[in-house]
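Chain residues, written in single-letter form:
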Amino acid sequence: MNAAVMNAASGRPAGKRYRLDKPELLAPAGNLEKLKFAVHYGADAVYIGGQKYGLRSNADNFSLEEMKEGVEFASRYGAKVFVATNIYAHQEDLAGIADYLRGLESVGISAIIAADPAVVETAMRVAPGLEVHLSTQQSTMNWQAVRFWKEEGLPRVVLARETSMDEIREIKRNVDIELEVFIHGAMCSSVSGRCVLSNHFTDRDSNRGGCCQSCRWKYDLHEGEQSVMGEGDNPFTMGSKDLCMIRHIPDLIDAGVDSFKIEGRMKSIHYVASVVNAYRQAIDAYMTDPLGYRLKQEWVDEIGKAANRPLNTGFFYSTPGAGEHIYEPEEKPAPYDFAAVVTDYEPATGMAVVQQRSPFKPGMEVEFVGPGGRAFSQKLEELFDDEGNRLDAARHPLQTIRLRTDRPVAAWDIMRKKTL
Amino acid sequence: MNKSAELLVSAGSIGQLVRYVEAGANAVLIGEHRFGMRLPGEIPEDGIGEAIRRAHELGAMAYVSANKLFRNEELPALPGYLKRVAEAGADAVVFGDPAVLMAVREAAPGLRLHWNAEMTGTNSAAAAYWGRKGAVRAVLARELNEEEIADFKRRSELEIQVQAHGMTNIYHSRRNLLQSYMEHIGREARIVDLGADRGRFLTEAERPGERLPIYEDANGTHVMSADDICLLEALPELLAAGADSLYVEPLLKPEEYNIAVLRGYRSALDAWAADPDGYVMDDRWLDAIRELQDPNRELTFGFLYKEQVY
Chain A
15 MNAAVMNAAS GRPAGKRYRL DKPELLAPAG NLEKLKFAVH YGADAVYIGG QKYGLRSNAD
75 NFSLEEMKEG VEFASRYGAK VFVATNIYAH QEDLAGIADY LRGLESVGIS AIIAADPAVV
135 ETAMRVAPGL EVHLSTQQST MNWQAVRFWK EEGLPRVVLA RETSMDEIRE IKRNVDIELE
195 VFIHGAMCSS VSGRCVLSNH FTDRDSNRGG CCQSCRWKYD LHEGEQSVMG EGDNPFTMGS
255 KDLCMIRHIP DLIDAGVDSF KIEGRMKSIH YVASVVNAYR QAIDAYMTDP LGYRLKQEWV
315 DEIGKAANRP LNTGFFYSTP GAGEHIYEPE EKPAPYDFAA VVTDYEPATG MAVVQQRSPF
375 KPGMEVEFVG PGGRAFSQKL EELFDDEGNR LDAARHPLQT IRLRTDRPVA AWDIMRKKTL
Chain B
5 MNKSAELLVS AGSIGQLVRY VEAGANAVLI GEHRFGMRLP GEIPEDGIGE AIRRAHELGA
65 MAYVSANKLF RNEELPALPG YLKRVAEAGA DAVVFGDPAV LMAVREAAPG LRLHWNAEMT
125 GTNSAAAAYW GRKGAVRAVL ARELNEEEIA DFKRRSELEI QVQAHGMTNI YHSRRNLLQS
185 YMEHIGREAR IVDLGADRGR FLTEAERPGE RLPIYEDANG THVMSADDIC LLEALPELLA
245 AGADSLYVEP LLKPEEYNIA VLRGYRSALD AWAADPDGYV MDDRWLDAIR ELQDPNRELT
305 FGFLYKEQVY
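So the sequence lines, in the order shown, correspond to chains A and B. The first sequence maps to residues 15 to 434 in our numbering. The second sequence maps to residues 5 to 314 in our numbering.
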């Protein structure tokens, strides 16, 4: 390090200001179990979908009872639960909004994420206990628009995914409001909300949760009557690589981002736990010691083990170009697969009790992972069922299995195996 | 209700503005790419006064488009532009981004506002919200059906504008998707070669008859619908539903075609206004449009009679 003037009290370089308030890590939770994993692995807040008004009509989505249980679970960790109510409503959707929002308020939801002013305005009127966060579906990417929403009484804006790091800094300088940005996951390649490909191709309304991901289909581009696709060329697509900002955590924190959002309410438990785990460690490391901060390769690897698409940095540093879209055949499975979750560990015997999530058998190489980056690999030895019978394989979903681990593990630890 | 509707078209030059008004438009939408999106051509800031004056001389309303999503660096030009547009006598400014509202409050407080959020302008409560912020008109998403349009109007104090004819934007990205793809397959391409007049379109294997125009400009990549909306036959229903303004989208069409379209709708609107109860559509109005219709593009009712699921 060069000879920076140090501030005696903080031990940090004088002149450069470091944030003292830790940003929030906000994770997706497609169902109650995913919520619990997300919170246990370190999310400060999770966002979920209810039965209505969300943009993932194919996800499990929560009933009010499940939300209540989720809120109770999260509160034990000091974590919050937000609900995505980010559709653009049509006339027929309007009548039920008020009751729905009152219901969310009554079960202890902290905030809704809304795009449609019909939802924003109704929430502020009928459910004052709910914070209203402006969804990325409003495509907000300039500070005057952010100022407008602040003056409307919103405490937080989720910026458009097209906003660059420099623009975020400028917005933060101009408006005192919480800024939430997507830091990881799949991205609309369109400006969010500004795509009705699904509506036109399949009569499914993308802005009410019916998106069929037509941007990831393959197209033939023509000029006049000629296809531009030559022999051996990949077809045209709008499909984007996924966002991953694990290498740029200090930049995001210094820019003033208040909430780091991970995309993926449809993603697996393994995905959510791994991604949250990595970002949790990176944020904590930087906040604890900004000067001594170093990116750890294990965080990058951890994300890579759960990712099923190539990754990039979106619009943060430049407009995505030729290398940032997926022209090749896509949707490779993630390199690792969720095999079991630890439900108990007996220190005296070194035996773990696990619940099966996909088949495994003795001799298989597995990894155990827990919050905070605890991880080790081992070869599986003998497997027993809950009555002590020896098994040649763990074949049945949710089956209880006892097995020896090389090191201590704890409830909620994940056992994973290489994808075949 | 026996009220006729405005016939609105966007125009890419003063000459075109005059020809479109002569063909039957009584309102025009104009502007430039710095502030407006997907315009058929630009009338720069120093010509906007002249354009508005010409429209007014011909008895037409003149609206200025400022409907794009703005970035920080584009904000400083906004108040000055809006002030100039207001002083030039524009009848309204069309906006989607709240940054325009903020700039209007600051620089042109009397300027009338039309709210156009493209495909996200889907309900009357949102329109009412923007109405309380000063909008006098809501531009409806093209993905609404007749029942939704009628219900929207019933529950709204704002004027409503419905697209009656032409293609619609179905996907807008800030990415340079054409340029990226050309690079990917090893072809040189610059933005000037990727523009709206280059005749590029996408096809998809499952939908062989559908050609989706695609182009790139300073505002990103735009994919347009494979069909052209034509609501001429549904005109009495639209008027009964309370449509205050019928928009003809001239984008990516020859001027001659747009003139035929405007003439057709003008004839229909005039006939309806003269005798709403005795109104019968004259097939020749539609035939004149069909004659010039691109054979690869079907004329459809868009979403007017559709039910969508989600």
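Hints in this document: simulated from the structure, not taken from any laboratory. One should not assume that every hint holds.
[As the list claims (entries may be wrong)] Now the in silico label distances, taken between C-beta atoms and shown as ranges:
hint	chain 1	residue 1	chain 2	residue 2	range
1	B	Asp-50	A	Tyr-307	47 to 57 Å
2	A	Asp-35	B	Asn-300	55 to 65 Å
3	B	Asp-50	A	Arg-187	27 to 37 Å
4	B	Arg-270	A	Asp-190	49 to 59 Å
Just so you know, even glycine gets a beta-carbon here, dropped at the ideal spot from N, CA and C.
Going down the list of hints, with the structure as the test:
Range check, B/Asp-50 to A/Tyr-307: Cβ separation about 52 Å, and the 47 to 57 Å hint holds. The supplied range of 55 to 65 Å is met by A/Asp-35 and B/Asn-300, whose beta-carbon atoms lie about 58 Å from each other. Restraint check, B/Asp-50 to A/Arg-187: a C-beta distance of roughly 33 Å satisfies the suggested window 27 to 37 Å. Checked against the hint of 49 to 59 Å, the pair B/Arg-270 and A/Asp-190 passes, with Cβ atoms roughly 52 Å apart.
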